[in-house]
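Asks: Sequence:
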Amino acid sequence: MKKLDNTVLARRANQIKEELRQKLRKPYKQVIDLYWGDPHAAGVKPLSFVRQVLAACLYPDLVNSNTLPVDVRQRAQRLLGECAGGSVGSYTATAGIPEIVHRISEFITKRDGGAPSDPENIYISPGSQWALRNILKVLVNSQASPRTGVLTPGPEEQGWELHVEELHRALDSAKGLCNPVALYVINPGNPAGYVQSRKTMQEVIRFASEKRLFLLADEVYQECVHGEKSEFLSYKRVLSEMGPPLSDTVELASFHSASKGFMGECGLRGGYVELIALDLMTDPPQPGDPSYPLYSEETQHIKTMMVHNVKRVFEVLNSLPGFSCKPMEGGGFAFPRLHLPPKAIQKAKEMEMEPDLFYCMRLLEEAGVLVKPGMENGPKEGTHHIRFCIMNPEDTMEEMLSRLSSFHTQFMKDFS
169 MKKLDNTVLA RRANQIKEEL RQKLRKPYKQ VIDLYWGDPH AAGVKPLSFV
219 RQVLAACLYP DLVNSNTLPV DVRQRAQRLL GECAGGSVGS YTATAGIPEI
269 VHRISEFITK RDGGAPSDPE NIYISPGSQW ALRNILKVLV NSQASPRTGV
319 LTPGPEEQGW ELHVEELHRA LDSAKGLCNP VALYVINPGN PAGYVQSRKT
369 MQEVIRFASE KRLFLLADEV YQECVHGEKS EFLSYKRVLS EMGPPLSDTV
419 ELASFHSASK GFMGECGLRG GYVELIALDL MTDPPQPGDP SYPLYSEETQ
469 HIKTMMVHNV KRVFEVLNSL PGFSCKPMEG GGFAFPRLHL PPKAIQKAKE
519 MEMEPDLFYC MRLLEEAGVL VKPGMENGPK EGTHHIRFCI MNPEDTMEEM
569 LSRLSSFHTQ FMKDFS
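Each position in the sequence shown, counted from 1, maps to that position plus 168 in our numbering.
Keep in mind that the hints were calculated from the coordinates and are not lab data.
Quick caveat: nothing in here was measured; it's all calculated off a predicted structure.
Calculated pairs, EDC-like style, for lysine to aspartate or glutamate (alpha carbon to alpha carbon, straight line, at most 20 Å): (1) 515 to 534; (2) 471 to 391; (3) 515 to 533; (4) 278 to 267; (5) 213 to 466; (6) 278 to 451; (7) 517 to 549; (8) 581 to 533; (9) 379 to 340; (10) 397 to 280; (11) 213 to 567; (12) 197 to 566; (13) 278 to 288; (14) 494 to 399; (15) 213 to 562; (16) 517 to 533; (17) 471 to 399.
Please model the entire structure based on the sequences and the hints provided.
Replies: See the structure below:
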């Protein structure tokens, strides 16, 4: 079957937006875009403290103005004092401004229950993907035969839990095809929202040690934990608490980003590799600071919004015939399974589309809702899913669920 480029959905969504601007008649007034994990584009308000400090750093005259809270001006003044020439436009050290790196190290030590963090292992980067790509450039030998391989677990059906048995199976099946050198894991999960348990993480670490694999831990959604019984633990913390010889021998790189979580600053491109986070993310206002009440209010609002959206998505989708949605413990996306009628699957084949892409295209055209086909995330063969961002204002999510419900009900009737 011909696999169409999934950017066809994004291109068509842009075309529909232009058609709406030109007053072409549609059964909806705007496209609800949940394809990307971009909370600010979706209407989530940026954190005031973060934007105020950024503004003062970019325009230092604000430091001497009374328009901003005292702690914001003090923070900006301190940050500017760590920049060459007192300007954020000056060059920085390769790994980042040393003083900020040390504060990040302190944050990681506190986050990981006292497990020590060495500032020498911290490298600030323009986004976590940039950092990941550069690590892969070191690991991957483009001239090797067989080719270099990286294990990337796909979502599983049993509560989306990562199973070490499947890692062994995948590694065995790779023999002769590639030479696996690394294992990539994301926790909390994307797209499925599974938060790994300590037991699972210990099994993954032992597997990586046994197979001599470099462990790449993508932990950009560590703030986004929704399950009441779920707790985020970093791979670095679990590895440290397992002790020697594992803590001395397993090679680990962990990644974090300002684009995800409560900050949601996708356009600013801030991230880290190893044990790195960003200064405003790792050192927020504390009780007693002038900015703390508003910062606390805004972050709590985002937490409440996400918990509400998770609950509503779970309730609504599981009430629709042909949908099943696992509980979302963490992360920024939902990944419900579609149980499509045979006629819909046949129609997709006739149009040379994957069934979930066919469904998503119909959803976009008829309901103005842009979501991502699940096939991109490598689910079990023969299963179909959609993925969409849950970091959206509650009214946007309710409108999306209303449109999706109406569309899905009619879709199932049309192909029953």
